Amino acid sequence: MKHAEGFSKGLFRENPVAALLLGLCPAAAVTGRVIDALWMSAGFLAVLLLSSLCLSLLGALSPAAARDGGAGLSRGRWIGSLVITACLASCFDLLLRAFAPGASARLGIYAPLVAVNCIVLGRVELAAGGLSIGRSLRDAAGTGAGFAGALLLVSVVREALGAGTITLFPIGTFGGSLAVPLLAASPARAFVYATGGLLCLGYLAGASRLLSSERRRGESDRA
Amino acid sequence: MADVPVAGSLLVSPAPHIRGAGSSALMTWTVTLCLVPAAAWGVFLFGAPAAFVLLVAVGTALATELAVVLPFRGFTLGDGSAFLTGLIVGLLMPAGAPLHIPAAASAFGIVIVKQSFGGLGRNWMNPALAGVAFAHLSWGGALAKWVAPRGALPGTEALAPLEALRMVLAGHPAVRGSLLRVLADSGYPFSGIDGRVVGWINARLLAPLGGALPRGVFDLLVGNAAGRIGEVSVPLLLAGAAWLIARRIVRWQVPVSFVASFAVLAGVFGGLTEGRGWFAGGVFVQLFSGSLILCAFFAAPDPVTAPLSATGRYFYGAGLGVAAFFLRFYGSMDDGAPIAVILGNCFVPLIDRLVRSAGSGLGKAGAR
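Respectively, the protein sequence lines represent chains A and B.
So in our numbering, spot 197 of the first sequence is number 197, and the numbers just go up one at a time.
So in our numbering, spot 364 of the second sequence is number 364, and the numbers just go up one at a time.
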């Protein structure tokens with residue numbers, strides 16, 4: 001139960017995009033096409049999981065004296081943590097350039113920028129701050145999945161309304177792109193522009209607030 | 001708008017707190033009524049397509065308002081606000097627009113711009129103009145196709161005067177002379193009536209004085225030209241606006257400072273962008289073509305999205321004129337007035353904060 005909660009927290013109650021309003025730049029910038037959002041989410045999840053793993057391992061291995069008494073991270077540990085996440089983000093960027101040049105061109109600066117993404121930085125502090133490996137990984141998985149879910153939702157709405165298509169990857173005979181009936185003929189282009197991104201994110205955050213306020217009301221009714 | 005009773009006798013209600021001129025519903029329906037002549041002229045000029053666009057825009061606005069609001073706040077169509085929003089959306093569309101565009105623009109304005117923020121009185125941006133801006137962002141190409149006015153020569157391509165001017169000036173920069181003459185020389189299809197009326201005036205009245213009016217003056221003056229449904233007839237718009245200002249439903253500060261600041265800027269600097277020099281902006285063409293008059297008198301002064309104080313309204317109106325000038329002369333749009341108004345709407349809370357009236361009865365100490 002508790003393990004599941006560590007994961008689902010990042011997915012819903014503390015969803016980084018919808019509830020905490022973190023990582024809005026990539027969430028608004030790369031959600032114009034579903035496939036871009038998928039690439040971004042995959043890279044983000046990988047960087048988050050691997051950096052959490054490395055940093056908690058490092059924390060478990062380093063002597064207790066280096067842990068700074070729990071009052072935040074020492075400067076040296078911060079720099080070390082940043083080097084690790086930056087390395088992983090660069091790996092993501094380079095792999096993307098090598099194996100998916102199209103996606104790399106569309107994600108642009110947002111792929112290497114995962115290194116300084118505020119969600120990742122927050123996790124870094126948590127993971128390097130002495131969290132157990134298991135908890136840190138669950139946490140990272142939940143947050144990464146929450147980020148991916150938010151991006152996927154926003155990108156499906158934006159691409160369907162704004163371009164009349166849903167672009168995935170080609171599998172077998174499937175060409176990789178679905179046309180949405182009715183909308184495909186004359187889509188509302190505004191949704192693929194930044195306007196539509198901010199609009200959709202606003203409604204996502206609003207829905208998240210509405211849900212959490214109703215849940216709180218439900219909890220206070222039970223108590 | 002919903003008034004919230006607090007502690008018995010006190011009422012807390014959202015701005016604007018305006019006294020006089022009856023209820024807000026009566027004000028809104030009066031504004032709607034004053035737009036009817038201009039709308040009727042548009043339908044007369046462009047025929048059935050214009051009527052369909054207006055019907056779809058108003059119908060969608062009413063239907064979406066009903067669907068979104070009925071479960072929460074009850075029946076609100078009586079306040080006239082949704083009808084007026086739909087009507088302004090329709091009036092700002094070209095007559096031949098594919099019908100899903102006015103429908104989407106109305107729905108966007110009502111659902112996203114107005115009701116998402118809490119309905120009438122809490123919408124900080126003009127819903128109709130925001131819907132139109134959304135439509136331009138989404139279907140800009142389809143909205144740049146015009147319908148020729150009644151009585152135009154068959155086979156001529158319909159083009160709104162401002163857009164035609166833009167093309168002519170881009171092809172021949174630094175051309176001198178009045179903009180109307182430039183337009184006429186480029187072969188713009190002014191109507192036959194215009195030719196007869198202008199010819200008669202020139203021959204009988206102005207020839208002895210040694211002057212001559214260019215072709216097109218009559219067409220633009222009465223609104224016999226291609227354009228959006230509601231913007232073409234400036235005299236009918238001004239007549240409606242005069243009634244509203246006389247009844248103090250529209251406060252004159254916003255439209256007058258809007259039009260004045262735009263006219264001064266356009267007149268003095270408008271020619272510079274095309275290399276025509278100073279004082280060559282063509283104020284007459286700029287005011288009598290395009291949606292500036294419609295936006296200035298019927299959308300910008302909307303009491304919900306305009307500043308509360310008279311001083312604030314001067315600043316707001318002047319700012320709208322400046323924005324419309326830059327959008328029209330330096331932007332990619334042929335018009336720019338609707339965008340200027342929704343930009344100005346964003347600054348209204350700031351203006352209200354900076355320009356506050358003194359608390360009554362407190363003298364100088366009450367001023368903040």
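I should point out that these hints are in silico values taken from the structure, not numbers from a laboratory.
Only a predicted model underlies this, so the values are computations on that prediction, with no experimental measurement involved.
Virtual Cβ for every residue (Gly too), placed ideally from N, Cα, C.
Be aware that a few hints might be false.
If you anchor each label on the Cβ, the simulated ranges turn out as follows [as the list claims (entries may be wrong)]:
1. Arg97(A) <-> Gly141(B): 32 to 38 Å
2. Leu113(A) <-> Leu99(B): 40 to 46 Å
3. Thr311(B) <-> Gly122(A): 43 to 49 Å
4. Phe326(B) <-> Phe99(A): 58 to 64 Å
5. Ser186(A) <-> Tyr330(B): 25 to 31 Å
6. Leu350(B) <-> Ser220(A): 47 to 53 Å
7. Gly47(B) <-> Gly175(A): 51 to 57 Å
To give a feel for the contact side, a few chain A residues facing chain B, derived at Cβ under 7 Å [to be verified]:
8. Arg75
9. Ala190
10. Ala194
We went through each hint and held it up to the structure:
A hinted range of 32 to 38 Å holds for the C-beta pair Arg97(A) and Gly141(B), which are about 35 Å apart. Taken as a hint, the range 40 to 46 Å holds for the pair Leu113(A) and Leu99(B), whose Cβ atoms sit roughly 43 Å apart. Take Thr311(B) and Gly122(A): their Cβ atoms lie about 47 Å apart, and the range 43 to 49 Å holds. With their beta carbons about 46 Å apart, Phe326(B) and Phe99(A) fall outside the hinted range of 58 to 64 Å.
Our hint of 25 to 31 Å for Ser186(A) and Tyr330(B) holds, since their Cβ atoms are close to 30 Å apart. Between Leu350(B) and Ser220(A) the beta carbons are some 38 Å apart, a value that contradicts the proposed interval 47 to 53 Å. Between Gly47(B) and Gly175(A), the C-beta spacing of about 44 Å breaks the proposed range 51 to 57 Å. Contact between Arg75(A) and chain B, as hinted, is not supported at the beta carbon level, the nearest pair being about 41 Å apart and thus beyond 7 Å.
Hint status for Ala190(A) relative to chain B: holds, with the closest Cβ pair at about 4 Å, below 7 Å. For the restraint placing Ala194(A) at the interface with chain B, the shortest Cβ-Cβ distance is roughly 10 Å, beyond the 7 Å limit, so the hint is violated.
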